[in-house]
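Novice: The lines below spell out each chain.
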Amino acid sequence: DQQVKQNSPSLSVQEGRISILNCDYTNSMFDYFLWYKKYPAEGPTFLISISSIKDKNEDGRFTVFLNKSAKHLSLHIVPSQPGDSAVYFCAASSLAGGTSYGKLTFGQGTILTVHP
Amino acid sequence: GAGVSQTPSNKVTEKGKYVELRCDPISGHTALYWYRQSLGQGPEFLIYFQGTGAADDSGLPNDRFFAVRPEGSVSTLKIQRTERGDSAMYLCASSGRPVDTQYFGPGTRLTVL
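If you read the protein sequences in the order shown, they are chains V and F. Using my numbering, read the first sequence as starting at 1 and increasing by one per residue. Using my numbering, read the second sequence as starting at 1001 and increasing by one per residue.
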């Protein structure tokens, strides 16, 4: 039962263009969503998060959009840079209900490649 | 300051053997999590500690897996009678409070031959 899904295993983008990574979830108890980036031989690194009371959160080149009715979120990277090439994981947790301690449920990941 | 560290970085063992994987969380972080990541998948939750106690061990796959955190800091994940299916990356994360951002270590790559 995959509660968080990233249906695109990979994405290739030209430097300077926008990268859009997508994530869908099924559990309506999820109320906090995060994106992590992972380079080879390193652990996941936190990138950006969004609470279910918002529909958008920005941090520099990174913006996360949340569509609760569609149970869908996306990460936009503008402009994309070669150093952004990594695996991106979407994750969700339930802070208000269910587990209150932030246990994360991850998607399968999307490999982003940004070409110079 | 120092991040989350995990030792060893790589562990190769034979089927049936016992292994211990260690996690040193960020100093002062009371919440500690273990996840397991198989090839091509995202990390999967194993167990959560708040202080010394395991508050949720619902992700441990079976009773061959056990974890401790006796002094509320370092944690050890213990796997008995290892099987080839246990081969994966084992990740540890810590946070200052349970709902804060989780910071991950580099992981231990376990290979069971």
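Hints should not be assumed to be uniformly reliable.
Label pairs and their calculated CB-CB ranges [to be verified]:
no., chain 1, residue 1, chain 2, residue 2, range
1, F, Q1080, V, R61, 44 to 54 Å
2, V, I20, F, N1062, 17 to 27 Å
3, F, R1022, V, S10, 29 to 39 Å
4, F, K1017, V, Y39, 38 to 48 Å
5, V, R61, F, T1101, 46 to 56 Å
Which bits of chain V does chain F cover? Going by a derived footprint, with three or more residues having C-beta under 8 Å, they are [stated by the list, open to error]:
no., stretch
6, 11–25
7, 57–66
Hints are computed from structural coordinates only; laboratory data are not their basis. Keep in mind it's a predicted model, so treat the numbers as computed, not measured. For each residue, glycine too, the CB sits at the ideal point set by N, CA and C.
Novice: For every hint, state whether the structure bears it out.
Specialist: Cross-check of the supplied hints:
no.: 1; hint: F:Q1080 to V:R61: 44 to 54 Å; in the structure: holds, 46 Å
no.: 2; hint: V:I20 to F:N1062: 17 to 27 Å; in the structure: violated, 39 Å
no.: 3; hint: F:R1022 to V:S10: 29 to 39 Å; in the structure: holds, 34 Å
no.: 4; hint: F:K1017 to V:Y39: 38 to 48 Å; in the structure: violated, 30 Å
no.: 5; hint: V:R61 to F:T1101: 46 to 56 Å; in the structure: violated, 19 Å
no.: 6; hint: 11–25; in the structure: violated (count 0)
no.: 7; hint: 57–66; in the structure: violated (count 0)
When each numbered hint is compared with the structure, violations occur for hints 2, 4, 5, 6 and 7.
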